[in-house]
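FYI, UniProt numbering numbers position 25 of the sequence shown as 25, with every residue one higher than the one before it.
Hints are not guaranteed to be accurate.
[Unchecked claim] Derived DEER-like restraints, expressed as beta-carbon distance ranges:
| hint | residue 1 | residue 2 | range |
| --- | --- | --- | --- |
| 1 | T20 | T48 | 15 to 21 Å |
| 2 | G31 | Q51 | 24 to 30 Å |
| 3 | T37 | Q5 | 29 to 35 Å |
| 4 | I32 | D3 | 18 to 24 Å |
| 5 | L64 | H36 | 29 to 35 Å |
| 6 | D3 | D63 | 25 to 31 Å |
| 7 | N17 | V52 | 29 to 35 Å |
| 8 | K13 | I60 | 17 to 23 Å |
| 9 | Q5 | D63 | 24 to 30 Å |
| 10 | K28 | S2 | 29 to 35 Å |
| 11 | G31 | D3 | 29 to 35 Å |
| 12 | T20 | E47 | 14 to 20 Å |
In case anyone wonders, no lab produced these hints; they're calculated from the structure.
Backbone N, C-alpha and C fix where the C-beta goes; we use that ideal spot for every residue, glycine too.
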Amino acid sequence: MSDEQEYKTQLGKAIRNKRTELGATIEKVAGIADIHTRTLQRIEHGETSPQVTTLVKIAIALDLSSTAELLKDADKTVYPLFKKAYEEE
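When you get a sec, could you build the whole thing from the sequences and use the hints?
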């Protein structure tokens with residue numbers, strides 16, 4: 001699995017875990033975030049990564065104070081990706 005795919009998978013898992021922890025449905029979170037249900041499904045399954053604005057909307061819908069709370073669970077994957085990107089510059 002590529003680094004990018006691992007990031008998508010871990011981020012999606014973090015979002016799904018938080019949503020289920022809250023007892024919220026995909027439809028409810030997508031509605032609050034004003035995104036399509038299918039978009040949230042694809043993000044949760046690691047099929048796509050959200051744009052920053054979409055990630056912020058999801059964080060707000062999940063009643064999180066920042067997107068960092070979502071990213072902390074995916075941090076083991078995210079940090080190496082950013083480090084690699086900076087090294088290539």
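Comparing the hints with the structure gives:
no., hint, result
1, T20 - T48: 15 to 21 Å, "holds, 20 Å"
2, G31 - Q51: 24 to 30 Å, "violated, 18 Å"
3, T37 - Q5: 29 to 35 Å, "violated, 23 Å"
4, I32 - D3: 18 to 24 Å, "violated, 31 Å"
5, L64 - H36: 29 to 35 Å, "violated, 20 Å"
6, D3 - D63: 25 to 31 Å, "holds, 30 Å"
7, N17 - V52: 29 to 35 Å, "violated, 21 Å"
8, K13 - I60: 17 to 23 Å, "holds, 20 Å"
9, Q5 - D63: 24 to 30 Å, "holds, 28 Å"
10, K28 - S2: 29 to 35 Å, "holds, 32 Å"
11, G31 - D3: 29 to 35 Å, "holds, 32 Å"
12, T20 - E47: 14 to 20 Å, "holds, 18 Å"
The earlier numbered hints that this structure contradicts are 2, 3, 4, 5, 7.
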